[in-house]
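> Here is what each chain is made of, one letter per residue.
2 protein chains.
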Amino acid sequence: MRFAILSIGFELLIGRVVNTNSAFICSELAKRGHEVGREITVGDELTAISSELKHLIQEGFQNIITTGGLGPTFDDMTAEGVAMAFGLQVEENSLALQWITDKYDAMKLPLTAERRKMCRLPVGAQPIYNSLGTAPGFLFADGRLKVLALPGVPAEMTAIFQKNLEQIFPSEGRMHEREIRITGLPESTLATYTVKLMEKYPSIYIKTHPRSSEGKSEVLVHAYAMSGSDDVESQLDSLITALRSSVEKLGGRVEE
Amino acid sequence: MRFAILSIGFELLIGRVVNTNSAFICSELAKRGHEVGREITVGDELTAISSELKHLIQEGFQNIITTGGLGPTFDDMTAEGVAMAFGLQVEENSLALQWITDKYDAMKLPLTAERRKMCRLPVGAQPIYNSLGTAPGFLFADGRLKVLALPGVPAEMTAIFQKNLEQIFPSEGRMHEREIRITGLPESTLATYTVKLMEKYPSIYIKTHPRSSEGKSEVLVHAYAMSGSDDVESQLDSLITALRSSVEKLGGRVEE
Numbered sequence: 001m002r003f004a005i006l007s008i009g010f011e012l013l014i015g016r017v018v019n020t021n022s023a024f025i026c027s028e029l030a031k032r033g034h035e036v037g038r039e040i041t042v043g044d045e046l047t048a049i050s051s052e053l054k055h056l057i058q059e060g061f062q063n064i065i066t067t068g069g070l071g072p073t074f075d076d077m078t079a080e081g082v083a084m085a086f087g088l089q090v091e092e093n094s095l096a097l098q099w100i101t102d103k104y105d106a107m108k109l110p111l112t113a114e115r116r117k118m119c120r121l122p123v124g125a126q127p128i129y130n131s132l133g134t135a136p137g138f139l140f141a142d143g144r145l146k147v148l149a150l151p152g153v154p155a156e157m158t159a160i161f162q163k164n165l166e167q168i169f170p171s172e173g174r175m176h177e178r179e180i181r182i183t184g185l186p187e188s189t190l191a192t193y194t195v196k197l198m199e200k201y202p203s204i205y206i207k208t209h210p211r212s213s214e215g216k217s218e219v220l221v222h223a224y225a226m227s228g229s230d231d232v233e234s235q236l237d238s239l240i241t242a243l244r245s246s247v248e249k250l251g252g253r254v255e256e
Numbered sequence: 001m002r003f004a005i006l007s008i009g010f011e012l013l014i015g016r017v018v019n020t021n022s023a024f025i026c027s028e029l030a031k032r033g034h035e036v037g038r039e040i041t042v043g044d045e046l047t048a049i050s051s052e053l054k055h056l057i058q059e060g061f062q063n064i065i066t067t068g069g070l071g072p073t074f075d076d077m078t079a080e081g082v083a084m085a086f087g088l089q090v091e092e093n094s095l096a097l098q099w100i101t102d103k104y105d106a107m108k109l110p111l112t113a114e115r116r117k118m119c120r121l122p123v124g125a126q127p128i129y130n131s132l133g134t135a136p137g138f139l140f141a142d143g144r145l146k147v148l149a150l151p152g153v154p155a156e157m158t159a160i161f162q163k164n165l166e167q168i169f170p171s172e173g174r175m176h177e178r179e180i181r182i183t184g185l186p187e188s189t190l191a192t193y194t195v196k197l198m199e200k201y202p203s204i205y206i207k208t209h210p211r212s213s214e215g216k217s218e219v220l221v222h223a224y225a226m227s228g229s230d231d232v233e234s235q236l237d238s239l240i241t242a243l244r245s246s247v248e249k250l251g252g253r254v255e256e
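Chains as they are written, first to last, in this note's numbering: chain A, 1 to 256; chain B, 1 to 256.
Just so you know, not all the hints are guaranteed correct.
Treat identical chains as interchangeable: a pair holds within one or across any two.
[What the hints assert, rightly or not] 30 Å max Cα-Cα, derived BS3-like pairs, lysine-lysine:
1. K249 x K31
2. K108 x K249
3. K108 x K54
4. K54 x K146
No wet-lab data here; the hints were simulated from the structure.
Pulled out of the complex, with its shape left as it was, chain A reads as follows:
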């Protein structure tokens, strides 16, 4: 399954908040063998949410996870944005209304218009219970296309994600990976060898991360494959053995 993530919130676009939600979701999807092909961040703007969702759908993404924009303030407009992208309206969802009513009853707070707004979901969406906050998430499906909307508050997002992901998007395997740290060789010297290894092991991707300027020459090499089978493990071992041998021949060092 190929995923796209849509992060919503001006706090990300003014650099006030680092987008750890997106990194968390990407990492958790990778652990389950899923590939993420795009991440897009928009502000709290209805047309931006809707137009980027449509763009992602046009680009062929059928599994989209959004974060943010589900709360009680005027600029929480993810439900409306999703509805707009599909040419639908939002409507009060009775299950979400019950959850929200119960939560505010327990806090002895009245159900104001701002609070009630959180149970307005795109027509046909299923609400998803938020155990740590008030705003429900939701799942909107249209044929094979799924949009999972999660809150932006990291603890709430994480809790809903972990509880519901497997049921909505079943695992397809896992990420198989190795990492080694090489000193004494610049990334540009390694480049020829990593390309040859990728040709030999086409299911494995090798990414080199220079950690300092090339003069100092420390490079992290991350080799990984998404797979539903453990067969790739022995390929990873062979690849790392071959890489170690090349590094040593070239006068570099593999740090343990």
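Using the hints, position chain B against chain A.
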């Protein structure tokens, strides 16, 4: 000026690296009074880089900053991606070639094909010197449209950004801001008041950040405006005074 950021690298889409580059750029642009309207992350894929650049241009963005994909490995393909988006070729840039030749001469390393690749830029692009690494950045301009390509290594990106930004994208003012922390009131209670304040002060945006679940009720309120004039400062003061007064009337507390 309205900006878009295009971050390039599979390490972001597998959640191995948190996108601090994007947060840094957004924050630095905001400090200079610029607005960021979109951030898009793609993997190291030529067609993805090119198609998302075209998408951003279609969405009306005329100032685009990319990070990543400028190095010596096979999957560093930002220059080609930018060229492709504009229907152009890449060509060896003589100034970039001189810089790269000098750098590898100083390291007593030969100018291999992988190293030489870093001086291939879109036709018409200006190279930008990288004082901390080997791969030059570049600026590609097409009429009023500007694409500034920066490396992905944070130290290199930051250094090039700070040295060149003002000349390429002159400041338009700065971000004027206030932040207060409110306890004892849920975000959903504050929601009515922040909307009224934004109606009264239309140049100011108010974002509420609930820090914990609503039961515990701690909310950071961030009020800000991008402006070339300091007139907005007194408006921010008045807005905060009015908000404090509402919070106290409602039984909440403004923490110092």
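> Measure nothing new, just compare the shortest in-copy and cross-copy C-alpha distances for K108 and K249 to 30 Å and report within, between, both or neither.
Classified as between: cross-chain Cα gap 18 Å, same-chain 72 Å, threshold 30 Å.
> What label fits K54 with K146 when the C-alpha limit is 30 Å: within, between, both, or neither?
Intra 13 Å, inter 26 Å, cutoff 30 Å: intra and inter.
> Go through the copies and call it for K108 and K54: within, between, both or neither, with a Cα cutoff of 30 Å.
neither (40 Å within a copy, 52 Å between copies)
> Within a copy, between copies, both or neither: which one fits K249 and K31 at a CA-CA cutoff of 30 Å?
Neither: 34 Å inside a chain and 49 Å across chains, both beyond 30 Å.
Hint violations for this structure: numbers 1, 3, all remaining hints satisfied.
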